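Construct the complete structure from the given sequences, taking the supplied hints into account.
Chain residues, written in single-letter form:
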Amino acid sequence: MKKILIVDDQPIIRKMIRLALNDDRFELEEAANADAAYEIIKRSPPDGMILDVMMPGLLNGYQLCERIKQDPILSYIHVVIVSACGQESDQEFGLSLGANSYFVKPFSLVALATYMKISLLGSAL
Amino acid sequence: MNQFDTIIDAELWDKSPWGMVAIDVDGKVSAVNSSFQQYTNISEQALLGMSEADFDYQLIRTNLIAQHRVKMTTGTLRAVHYLRYVNNMQDELKTAEKMSNIAELLREPLASIYGFAELLLTQHYDEQTRLDLTAILLQQTEVMSDLINKNLEARKD
Chain A
0 MKKILIVDDQ PIIRKMIRLA LNDDRFELEE AANADAAYEI IKRSPPDGMI
50 LDVMMPGLLN GYQLCERIKQ DPILSYIHVV IVSACGQESD QEFGLSLGAN
100 SYFVKPFSLV ALATYMKISL LGSAL
Chain B
0 MNQFDTIIDA ELWDKSPWGM VAIDVDGKVS AVNSSFQQYT NISEQALLGM
50 SEADFDYQLI RTNLIAQHRV KMTTGTLRAV HYLRYVNNMQ DELKTAEKMS
100 NIAELLREPL ASIYGFAELL LTQHYDEQTR LDLTAILLQQ TEVMSDLINK
150 NLEARKD
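Line by line, the protein sequences give chains A and B.
Anchor point for the first sequence: position 76 equals 75 in numbering that gives the first Met the number 0, and the numbering is continuous, going up by one each time.
Anchor point for the second sequence: position 143 equals 142 in numbering that gives the first Met the number 0, and the numbering is continuous, going up by one each time.
If you are wondering where the hints come from, they were derived from the structure by calculation, not from laboratory data.
Please note: incorrect hints may appear among the correct ones.
[Claimed, not checked] Simulated restraints, written as ranges between beta carbons of each label pair:
no., chain 1, residue 1, chain 2, residue 2, range
1, B, GLN37, A, GLU91, 35 to 41 angstroms
2, B, LEU146, A, ARG24, 51 to 57 angstroms
3, A, SER95, B, LYS14, 25 to 31 angstroms
4, A, GLY97, B, LEU130, 38 to 44 angstroms
5, A, SER43, B, VAL69, 55 to 61 angstroms
6, A, ASN21, B, LEU130, 14 to 20 angstroms
7, A, GLN69, B, GLN57, 38 to 44 angstroms
8, A, PRO44, B, ALA134, 42 to 48 angstroms
9, B, GLN122, A, LEU94, 38 to 44 angstroms
10, A, SER74, B, THR94, 37 to 43 angstroms
[To be verified] Pulled from the structure, derived: some chain A residues nowhere near chain B, Cβ distances all over 10 angstroms:
no., residue
11, LYS1
12, GLU26
13, GLU29
14, ASP34
15, ALA35
16, ILE39
17, LEU58
18, PHE92
19, LEU94
20, SER95
21, GLY97
22, ASN99
23, LYS104
24, LYS116
[What the hints assert, rightly or not] Residues on chain A that point at chain B, a partial pick, calculated with CB under 7 angstroms:
no., residue
25, MET15
26, LEU20
27, LEU27
28, ALA83
29, PRO105
30, LEU108
31, VAL109
Quantities reported herein were computed from a predicted structural model and do not represent experimental measurements.
The C-beta atom is built at its ideal place from N, Cα and C for all residues, glycine as well.
This is the structure:
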C-alpha cells in the first residue's frame, strides 16, 4: 500500500483527486494547507504527495516542496505540483525546487492517476 | 505609397493606429505610414530606400514594444513591419499581471469542472454519485461565472 498526501486548500479539488486515485493500492490522506501537510509528513511521511502552490498559511506549496526535497530523510517523497500558476517560469521554478512533476490546472485526472500509478506502483494498470 | 497602394487601401494605411513599414523584395524600405513616423520621430524621407539591416538598427534605438514583422512570399513586398506605441510601460505591465492573476483565478473552478466531467465520462458511478458530481459541476460553473462577472466589472473602472 502506497500512501499519498493530497494538499490543496479547495475541498472540492481534494475530493476530485481522491475520486481519481480511488485504488486499493493507495492510502489517501488530505491536508488543507502546507503547514498542516508538513506536520503530517513529519509524523507519518507519505510515498507521494499531490501539492497545490497557492494556499493560505505560513508555508506555500513551493516552500513545502523545497523543504521536503532538501531533507535527506524526506527527499524520496514523490512530489507532484498541481497549480493554477501555469506560466513556463512557474513550472521551471517548481521543478527547480525538486518537484518530480508539475500539472497545470485544469489537468486530466486520468493522466494524473496514471502518472501516480507508474511512479509509485511501477505500472499504469 | 507607390506599389503598396495595390495591396493595402491607402486611407487605411495612413490612418492606422499601428506604425507600419513595408520592405520590398530587394530588402529596402518602400513605404512608411504616418503613425510610424509619429511614434519613432523618424521621417519617411529618412526611411525610404533604407536597407532592412539599417532599418532594424534604427528600431533597436527606439523605445517601442509590441513589434511584429509579417513576411511575404509572393508579390512585390518581402515584409511588413508593424508596431504599437506604449505610453506607459508600467501600466502595460500591470495590465499583463492583472490578466495573469485572472487566468489563475479562473483555472481553479475550471480544474474542477474539467476533472468532474472527466470522472463522469470515464468512471462507472451509481446514480446518486452521478447526481452529486453533476451538482458540483453546476456549482463550479456558477463560481466561474461569478469570477468572470466580477473581474470584467473591475476592468471597466
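Each hint, compared with the structure:
1. Checking the proposed 35 to 41 angstroms range against GLN37(B) and GLU91(A) shows it holds: the Cβ atoms sit about 40 angstroms from each other.
2. Distance hint check: the CB atoms of LEU146(B) and ARG24(A) are about 37 angstroms apart, inconsistent with the given range 51 to 57 angstroms.
3. A C-beta distance of roughly 49 angstroms is found between SER95(A) and LYS14(B), which places it outside the suggested range of 25 to 31 angstroms.
4. One distance hint, 38 to 44 angstroms for the beta-carbon pair GLY97(A) and LEU130(B), holds here, with the actual separation near 41 angstroms.
5. The hinted window of 55 to 61 angstroms between SER43(A) and VAL69(B) holds, with their beta carbons roughly 59 angstroms apart.
6. The supplied range of 14 to 20 angstroms is met by ASN21(A) and LEU130(B), whose beta-carbon atoms lie about 18 angstroms from each other.
7. Between GLN69(A) and GLN57(B) the CB atoms are about 50 angstroms apart, so this pair departs from the stated range of 38 to 44 angstroms.
8. Evaluation of the 42 to 48 angstroms hint for PRO44(A) and ALA134(B) yields a failure: the beta carbon distance comes to about 36 angstroms.
9. For the hinted restraint 38 to 44 angstroms between GLN122(B) and LEU94(A), the CB-CB distance of approximately 30 angstroms leaves it violated.
10. At about 40 angstroms, the CB distance of SER74(A) to THR94(B) agrees with the hint of 37 to 43 angstroms.
11. Chain B leaves LYS1(A) outside its interface by the beta-carbon criterion, the shortest separation being 20 angstroms against a cut-off of 10 angstroms.
12. Residue-level check passed: GLU26(A) sits 20 angstroms from the nearest beta carbon of chain B, beyond 10 angstroms.
13. The beta carbon of GLU29(A) sits about 15 angstroms from the closest Cβ of chain B, which is more than 10 angstroms, so the claim that it is off the interface holds.
14. With a least CB separation of 20 angstroms from chain B, ASP34(A) remains clear of the 10 angstroms interface cut-off, as annotated.
15. For ALA35(A), the requirement that its beta carbon stay farther than 10 angstroms from each beta carbon of chain B is met, with the minimum near 19 angstroms.
16. The claim that ILE39(A) lies off the interface holds: its Cβ sits roughly 23 angstroms from the closest Cβ of chain B, which is beyond the 10 angstroms cut-off.
17. With a least CB separation of 19 angstroms from chain B, LEU58(A) remains clear of the 10 angstroms interface cut-off, as annotated.
18. The beta carbon of PHE92(A) is kept farther than 10 angstroms from every beta carbon of chain B, the shortest such distance being approximately 14 angstroms.
19. Every Cβ of chain B is farther than 10 angstroms from the Cβ of LEU94(A); the closest lies at roughly 18 angstroms, confirming the non-interface assignment.
20. Even its closest Cβ contact with chain B, about 20 angstroms, leaves SER95(A) beyond 10 angstroms, as expected for a residue assigned away from the interface.
21. Distance check for GLY97(A) against chain B: the nearest CB is about 23 angstroms away, which clears 10 angstroms, and the non-interface claim stands.
22. With a closest Cβ-Cβ approach of about 20 angstroms to chain B, ASN99(A) is found to remain outside the 10 angstroms limit, as its non-interface label requires.
23. Non-interface status of LYS104(A) relative to chain B is broken: a Cβ of that chain comes within 10 angstroms, the nearest being about 4 angstroms off.
24. No beta-carbon of chain B comes within 10 angstroms of the beta-carbon of LYS116(A); the shortest separation is about 15 angstroms.
25. The beta carbon of MET15(A) comes within 4 angstroms of a beta carbon in chain B, closer than 7 angstroms, and the hint placing it at the interface holds.
26. Because the closest C-beta pair between LEU20(A) and chain B is about 11 angstroms apart, greater than 7 angstroms, the hint is violated.
27. About 15 angstroms separates the beta-carbon of LEU27(A) from the nearest beta-carbon of chain B, more than 7 angstroms, and the hint is not met.
28. The closest approach between the C-beta of ALA83(A) and any C-beta of chain B is roughly 4 angstroms, which is under the 7 angstroms cut-off, so the hint is satisfied.
29. Contact between PRO105(A) and chain B, as hinted, is supported at the beta carbon level, the nearest pair being about 4 angstroms apart and thus within 7 angstroms.
30. Here the hint on LEU108(A) is kept, as its CB sits about 5 angstroms from the closest CB of chain B, short of 7 angstroms.
31. Residue-level restraint check for VAL109(A) holds (minimum Cβ-Cβ distance to chain B is 6 angstroms; threshold 7 angstroms).
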